[in-house]
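Just so you know, the protein sequences line up as chains G and R, in that order. Here the numbering used here is used: the first residue of the first sequence is 33, the next is one more, and so on. Here the numbering used here is used: the first residue of the second sequence is 1198, the next is one more, and so on.
Heads up, some of the hints might be wrong.
Computed footprint of chain R on chain G, listed as stretches where at least three residues anywhere in the stretch have a Cβ under 8 angstroms from a Cβ of chain R [said to hold, decoys possible]:
hint, stretch
1, 126 to 132
2, 168 to 181
3, 232 to 246
4, 513 to 522
Straight-line Cα separation of at most 25 angstroms, SDA-like style, residue types lysine to any residue; simulated pairs [to be verified]:
hint, chain 1, residue 1, chain 2, residue 2
5, G, K510, R, R1294
6, R, K1398, G, E334
7, G, K359, R, K1404
8, G, K297, G, R556
Footprint (simulated), chain G over chain R, 3 or more residues, beta carbon under 8 angstroms [what the hints assert, rightly or not]:
hint, stretch
9, 1285 to 1297
10, 1305 to 1316
No lab work stands behind these hints: they were computed from the structure. Positions of the beta carbon are idealized from the N, C-alpha and C atoms, including for glycine.
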Amino acid sequence: MITHDVVVVGGGLAGLMAATTAAGSVDVAVLSKLYPTRSHSGAAQGGFNAALSEDDSVESHIFDTVKGSDYLGDQDAIEVLCSEGPEVIKELEWAGVPWSRTEDGRVAQRSLGGAGFPRACFAADLSGHVVLHTLYERALKLGVKTYPEWYLVELLVENGRISGLFVYDLASGRTEIIRCKAVILATGGYGRAFAKTTNAFANTGDGMTIAYRAGARLADMEFVQFHPTTLYGTNVLVSEAARGEGGYLFNNRGERFMDRYAPRKMELAPRDVVSRAIFNEIKEGRGVEGKYVNLDLTHLGEAKIKERLPQVRDLACRYTGIDPVEKPIPIEPAQHYSMGGIRTDLNCETNIKGLLAAGEAANVSVHGANRLGGNSLLETVVFGRRAGRRVVEMVSKETAWPELPGESLERAEENWKNNFGSNSPLDPRDNIFKIRREMNRTMTEYVGVFRTESELKQAVDILAGLKERYSTLKVSRKEEPFNYELIEHIEVGYLLDLSEIIALAALRRTESRGAHYRTDFPQRNDQDWLNHTIIWRGEKGPEFGKEPVSITKYQPVERGY
Amino acid sequence: MLINLSIDRFDPNCDRGAYKQQVKVEAKENETVLDALIKAWQQDPTISFRRSCRSAICGSCAMEINGEPRLACQTLLKDVVDSNGNLSLGPMFGFRRLKDLVVDLQPFFDSLKDIIPWVLTKNNHDGRMTPEDAAKIENPATCILCGLCDSELGDGREIGPAAIVKNHRLALDARDMLGLVRLQLNRKYPEEMAAFRENLKSFCPKKINLPEV
Chain G
33 MITHDVVVVG GGLAGLMAAT TAAGSVDVAV LSKLYPTRSH SGAAQGGFNA ALSEDDSVES
93 HIFDTVKGSD YLGDQDAIEV LCSEGPEVIK ELEWAGVPWS RTEDGRVAQR SLGGAGFPRA
153 CFAADLSGHV VLHTLYERAL KLGVKTYPEW YLVELLVENG RISGLFVYDL ASGRTEIIRC
213 KAVILATGGY GRAFAKTTNA FANTGDGMTI AYRAGARLAD MEFVQFHPTT LYGTNVLVSE
273 AARGEGGYLF NNRGERFMDR YAPRKMELAP RDVVSRAIFN EIKEGRGVEG KYVNLDLTHL
333 GEAKIKERLP QVRDLACRYT GIDPVEKPIP IEPAQHYSMG GIRTDLNCET NIKGLLAAGE
393 AANVSVHGAN RLGGNSLLET VVFGRRAGRR VVEMVSKETA WPELPGESLE RAEENWKNNF
453 GSNSPLDPRD NIFKIRREMN RTMTEYVGVF RTESELKQAV DILAGLKERY STLKVSRKEE
513 PFNYELIEHI EVGYLLDLSE IIALAALRRT ESRGAHYRTD FPQRNDQDWL NHTIIWRGEK
573 GPEFGKEPVS ITKYQPVERG Y
Chain R
1198 MLINLSIDRF DPNCDRGAYK QQVKVEAKEN ETVLDALIKA WQQDPTISFR RSCRSAICGS
1258 CAMEINGEPR LACQTLLKDV VDSNGNLSLG PMFGFRRLKD LVVDLQPFFD SLKDIIPWVL
1318 TKNNHDGRMT PEDAAKIENP ATCILCGLCD SELGDGREIG PAAIVKNHRL ALDARDMLGL
1378 VRLQLNRKYP EEMAAFRENL KSFCPKKINL PEV
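Turn these sequences into a full structure, and let the hints guide you.
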């Protein structure tokens, strides 16, 4: 049996930050379904918010974030996020991040949506990529043991405490048990539940579902971020930096339509506002070819585009055939980020002893109902570091090993066996790819930017049917290396659980707040809904409750941009 | 259009050697090779291949496409399919094949340890760097560690190509204590380095163009 004090699951920014913070003090390993540098953090383009400039302030960053969250973000957590931002950026500077620079050599910063100040630290439009690779270098330096292409299958919990992990090694095709004292889940989001998403194939919400199934509480799952600017058709991300650097959005009449929706912030309103505006333009017949809107960067000039947005240019050229230096590019909103996740406290701890979570997989609630651009990358490193520090404290305080996995392991092995066998689908033509496609379509059509009771109910019914069909499907091949059919099967199972939770939570919240917009309840309703949705696994499915929002300084007022 | 994919198959548990499997898929010419491969996989889920970001930033889908080193997600079908719709896919050369298009990447990632693969920050670093110095490391820092350069240019004896790229990125970092001294680790004559730079430019999916130093 493999043993480590701490296992970090996920090799992206939050995971590597946690692991490299804890390394040296405790025996920590990183388990990741990908080689760490393949993690989707690397696709983040825009930047890391931090109030570094003398003219900016931590307080102003806090306020922008609270307002951006539509007052659902926990203000104590937001205070931690914003006040630790500058020192973490400094730490990354010393770790070797190749930032873009100002004339006087400081870390360059740009404007992103919903911010009162240009405070996103960036490296061209490769901000996530360069920090991911720098943290990977730091992990090499510290000799952090990694298990690449190993999948977490189940958390082993004995008497309410983490006792180990049941994992699957893709290369050998075998399961293993890892015994440990603490686990940090940094497994990212679930974008692949949706047909239109900027997310990678790997973003299947594994950590969220596995934690939920093990008894952890999830929160605010109805809040799903749709990024306003993704390439029409492929939904490859076009960074908010494109608008931060001065890009305009135009409808089919050549109008900069954002003046109707956010006259002051225009294109740099928060993402929920811009995504709704784009869909509204399309719905009212002002979409180009009735399907998309144009993002125009031509006035920025070739030099600036080359310097600041080289990746955006490259992606647009390749996937749309249009060079943004010459012509506007067609864009549409698509799923991008999960505000919801595994509920944690300020130290990243969950309701299961020894289980922590950080990054997109977690909900410490710094984003509330809508995340601002530049705050997710910041969250990964600030809370990744906090999780790393916390496990060191936990492990040094509680030196005794938790009891050996017993019942939980038997259950995990039983569940694992259930994946295999001969197929006996309800419909002989059914297969896992069909189920995934129908789930994807349902989520994008009925649980998207605009939501109503009838469509959400429809989604819940369809998802229940898909879950039933799913339960009859099996994988025939067992212990075989690189069995991606098995991985697909398991991941669709995770996504179905989360999709159902998202749809039910959206149905329950009868108001509009941030990214959750109910056309049948278009107003925010602080009296009934200024609270977090808390979700846990009950006997017959997900159960829902509420938890108050932490409000320290800023009383909710109407949000206007 | 109809694409005739010819995919290298190899299962270490039952095959003595690799063989080609033909799969026909319907795809648009502006779709990528990865799109076509995923369609093939949905017909035959036993095909193994890596993929993740589908936007040329993670490096997972590096493979041989008609014998050329490329990222499948970055390659449009119209650029590689012949007039009969034929397209051939194989694992990266120079790596141990594990299954189908999947190769053993561990030696590749381990090869980074042949250099000192992190910035050794000077004690007196003040947190600043001129834009000119920042510009020097920007291009080599775009490396995604896909492995294609090791596949194409690695000879298995010296420091690997991706390690050389990282070594340059670190040597040119104004914060680094070792600086240009690092380049001695490359153990390449100037003319070899010149040839290496030219070769790398010709196929690197991130167009890494190492500066002359």
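How the hints compare with the structure:
no.	hint	in the structure
1	126 to 132	holds (count 6)
2	168 to 181	holds (count 5)
3	232 to 246	holds (count 3)
4	513 to 522	holds (count 6)
5	G:K510 to R:R1294	holds (20 angstroms)
6	R:K1398 to G:E334	holds (22 angstroms)
7	G:K359 to R:K1404	holds (23 angstroms)
8	G:K297 to G:R556	holds (21 angstroms)
9	1285 to 1297	holds (count 3)
10	1305 to 1316	holds (count 6)
When each numbered hint is compared with the structure, no violation occurs for any of them.
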